[in-house]
Amino acid sequence: MRQPTIGIVDYGVGNLASVWHALHALQFRCRISSEPATLSASDLLLLPGVGAFPAAMAALHRTGLVDYLQSEARKGRPMIGICLGMQLLAESSTEQRPTPGLGLLPATVRALQAGAWHIGWNEIEPEREDPLFGSGWPHSVYFNHSYVVDAQPQHRVFIARAGEPITAVVRKDNVVGIQFHPEKSQSTGRKMLHRVVEGLLCD
Numbered sequence: 001m002r003q004p005t006i007g008i009v010d011y012g013v014g015n016l017a018s019v020w021h022a023l024h025a026l027q028f029r030c031r032i033s034s035e036p037a038t039l040s041a042s043d044l045l046l047l048p049g050v051g052a053f054p055a056a057m058a059a060l061h062r063t064g065l066v067d068y069l070q071s072e073a074r075k076g077r078p079m080i081g082i083c084l085g086m087q088l089l090a091e092s093s094t095e096q097r098p099t100p101g102l103g104l105l106p107a108t109v110r111a112l113q114a115g116a117w118h119i120g121w122n123e124i125e126p127e128r129e130d131p132l133f134g135s136g137w138p139h140s141v142y143f144n145h146s147y148v149v150d151a152q153p154q155h156r157v158f159i160a161r162a163g164e165p166i167t168a169v170v171r172k173d174n175v176v177g178i179q180f181h182p183e184k185s186q187s188t189g190r191k192m193l194h195r196v197v198e199g200l201l202c203d
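Numbering-wise (the working numbering), the sequence shown opens with residue 1 and increments by one.
Since the hints were derived computationally from the structure, they do not count as laboratory data.
From a predicted model like this one, the values you see are computed outputs, not experimental measurements.
Among the clues, some could well be false.
[What the hints assert, rightly or not] Computed cross-link-like contacts, SDA-like style, restricted to lysine to any residue with a CA-CA straight-line distance of at most 25 angstroms:
| id | residue 1 | residue 2 |
| --- | --- | --- |
| 1 | Lys172 | His194 |
| 2 | Lys191 | Asn15 |
| 3 | Lys191 | Glu127 |
| 4 | Lys184 | Tyr147 |
| 5 | Lys172 | Leu201 |
| 6 | Lys191 | Ser135 |
| 7 | Lys184 | Glu164 |
| 8 | Lys184 | Ala52 |
Sequences and hints are given; from them, build the entire structure.
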């Protein structure tokens, strides 16, 4: 049986090494690339990201990946966005200036209330049942962000609470967004990352 491959999208704005090491530790094959032809040989695409939304979208446009990612998602290719990568899946963001996103999730990105920063360990709790994520929650995971995704209730899978409810995990069909850092969330993060990857590949 062929081992599935995860394509980590390299657009110059991302925590590529830590994500690669986390997936490698889970025994997944990975390739890091900015080339659509190379990424298309993968079974699942993973979009990491750190930094600001406008700069990240500019980098995706510069590398010619916006149309590619939108097309692959429409075809049903499994896709995961982590941290800023999750926010890029949304329709738009107000960070620094209004900026269109990839539009793969019917959601928008805004600043946390009162300009707060959500950093450190926090519990996530389920908003709705999804067999992709299993049971046994809540657990603590590691966050580091100051902007949040306002997702539609039917797509929110987990939330955290930090003065306000925060979308921690969102899913729409073959597209999953994870706001926290699973690669930095020890066994809980590894468990979720493993379940999500395997679940999307088998869905």
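Handout entry: Index of numbered hints that the structure contradicts, given in increasing order
Key = none
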